[in-house]
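> Below are the chains, spelled out letter by letter.
There are 2 protein chains.
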Amino acid sequence: MKHNFGAGPCILPQEVFKQAAQAVLDFNDGLSILEISHRTTEFEAVVAEAEKLVKELLNVPAGYSVLFLQGGASLQFAMVPMNLLGEGQTASYLDTGVWASKAIKEAKMLGNVNVIASSKESNYTYIPKEYAVPSDSAYLHFTSNNTIYGTEYFEFPETAVPLVCDMSSDIMSRVFDVSKFGLIYAGAQKNIGPAGLTIVIVKDELLGKTGNKIPSMLDYKQHIANGSMYNTPPVFSIYVALLNLRWLRSKGGVAEIEKENIAKAAALYAEIDRNPLFKGTCAVEDRSRMNITFVMENPELEKPFLKLAEEHGIVGIKGHRSVGGFRASMYNALSITSVHALIEVMQIFAEKNK
Amino acid sequence: MKHNFGAGPCILPQEVFKQAAQAVLDFNDGLSILEISHRTTEFEAVVAEAEKLVKELLNVPAGYSVLFLQGGASLQFAMVPMNLLGEGQTASYLDTGVWASKAIKEAKMLGNVNVIASSKESNYTYIPKEYAVPSDSAYLHFTSNNTIYGTEYFEFPETAVPLVCDMSSDIMSRVFDVSKFGLIYAGAQKNIGPAGLTIVIVKDELLGKTGNKIPSMLDYKQHIANGSMYNTPPVFSIYVALLNLRWLRSKGGVAEIEKENIAKAAALYAEIDRNPLFKGTCAVEDRSRMNITFVMENPELEKPFLKLAEEHGIVGIKGHRSVGGFRASMYNALSITSVHALIEVMQIFAEKNK
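These protein sequences, in sequence, are chains A and B.
The numbering of the first sequence is full-length UniProt numbering, which starts it at 1 and goes up by one.
The numbering of the second sequence is full-length UniProt numbering, which starts it at 1 and goes up by one.
The following block holds chain A by itself, in its conformation from the complex (with noise of 0.2 angstroms):
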């Protein structure tokens, strides 16, 4: 048995890709799940449920649109100035890590855009908290979690311009309040499905007052009067995540699967700080839930440990160059036994090197 600790795309449930497959081979009527018309009842279907539990899950409130996008977050970098930074105005950004800092690139192609607060200066070991929003901004632009550097809001940004938001790699891992927020974005590789598609969910009443002239591709109130059916959605994705989604809400949902990501990033942060080994690289309280950095006091036992880790199944913990170390990301599908897994192996390497 492998633990998949990968950054993304990431592990999902067993029993998520057992169905996944067998609607690769006959999903309706003997046809696949690939040859069928995303136009078929069968389908609609799909995208209909799919967009229900979203909105089930996440406690979406009323004049909130859910659609089912490609491109990823990157393309939603674009497409969020495009849609609701009108000519004259500037957009607010907070700078927290290489996501974050591409959305402010794009933006800047874009429009105006002001950079109210970054801590790059440090690598991106904290979230920064003091800073003020122009109350003229046409929205604050903010990364929920930090994929790579490990860092994650715990308290969102609190402000009367609209709040938009990249929560790739953490939505669906905790209870929030979706009313905070003006439009949130997510690829969905992280805790919703396979790769190909991307979530977007806006409050209809920012759309369309800009003036800019959008390409229809790109224009959220084109894929909401479309019913993310302007073009061919990508169909097996949305299958996919919607497998996940009955999945969590079978688990209980949001609340229930906080409880155990909450319980899984505290056991091996504890271990972290216990292991004389071992040592985090973020600033306490901004710990990341979903991806863990960590280094060694002792940067030659890295490969050992590497080795040893991979030895026991333990697989994708290799740190990204940014940070190098270690990176243990877990995305709601790792259960805690995986956790266990890797501080066993982290407990095992110290008692060799004591």
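Read the hints as simulated data drawn from the structure, not as lab findings.
Incorrect hints may appear among the rest.
No distinction is drawn between identical chains; accordingly, a pair holds when it is met within one copy or between any pair of copies.
SDA-like, lysine to any residue: derived pairs with alpha carbons at most 20 angstroms apart [said to hold, decoys possible]: (1) Lys108 with Glu130; (2) Lys102 with Asn226; (3) Lys120 with Leu57; (4) Lys307 with Glu130; (5) Lys307 with Thr41.
Assemble chain B onto chain A, guided by the hints.
The following block gives chain B in isolation, referenced to the frame of chain A:
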């Protein structure tokens, strides 16, 4: 057994479904294709082989890049002018159907467009042949096969300006000379693979010349520089496309499949022309081999015919609402056995309704 004549997403070979299902359960070393990182050696090999196979099967000359993108042909409708149509320039377009006119609509949002010929006045039943391409056009855009109306270009436009083609519904179905083109794009969900993937083949020297500011995800040069991995690609759709391209090579490649496609289309058109109940909708010389549109002399018989066809396992032949009647889509993976099954039902029905 079903005979899947659906227009897309559509039939793929049964062995591709089997291999794809297996990879969902265990792609590599116990891990599902849905849970591996796109940065693994194993997946990088998938992308490299898929690219190599596209180049080999289409005989793509040096100086062209092959890209695996998202967003379908519809996103290309915007990306093409963003990347190729500079301020003050004009692009020429040929209007041969719904998709061609959508491409025109999107391009008009982004620059100057000149529609140099259209068959709209006849409900797109033929391919216009008389037109002049202004020699200062940034490019000439056309749609090689019109999925909805059932027409196909058998002679491509001759022009000195760069030729841009939406080949979504006939790429990989017939031999053609890539070197005549500046840019080719195709939604994968006909002859390449499942929905959620778009293939672009572009002549490198055409790029980077407009001075347009292009968001990274919409910039071909960014995707080329990153080997189609600027961000997380649609992993599963690329993998299934690879399986399908391997199947096509094992069949003898595009030249061999073209022979089958010619035979399949000839058989069905012969029946349409012979059978007194049916008639084709398009100019004979422009009849598509991929999407065969036909109606009944007596429209009241269409429902009972559809019912009889369904009883014989024939699915997906209801015509698009723009044309009515029937559309038999006969992509690469549809066997001649299925075509004969349809012909047989047409003959049985004619016998019953003499």
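> A separate judgement is required for each hint: does it hold in the structure or not?
Status of each hint after checking the structure:
1. In this homomeric assembly, Lys108 and Glu130 never come within 20 angstroms of each other (Cα to Cα): the closest approach is 23 angstroms inside a single copy and 45 angstroms across copies.
2. Proximity of Lys102 to Asn226 under the C-alpha cut-off of 20 angstroms is restricted to the inter-copy arrangement: shortest distance 15 angstroms between copies versus 29 angstroms within a copy.
3. Taking the closest pair of Cα atoms, Lys120 and Leu57 never come within 20 angstroms of each other, the shortest separation being 34 angstroms inside a single copy and 47 angstroms across copies.
4. In the homo-oligomer, the alpha carbons of Lys307 and Glu130 never lie at most 20 angstroms apart, since the shortest distance is 42 angstroms inside one protomer and 68 angstroms across protomers.
5. When the C-alpha separation of Lys307 and Thr41 is checked against a cutoff of 20 angstroms, the pair qualifies only between copies, where the shortest distance is 17 angstroms, while the shortest distance within a copy is 50 angstroms.
Hint compliance for this structure: hints 1, 3, 4 are not met, and every other hint is.
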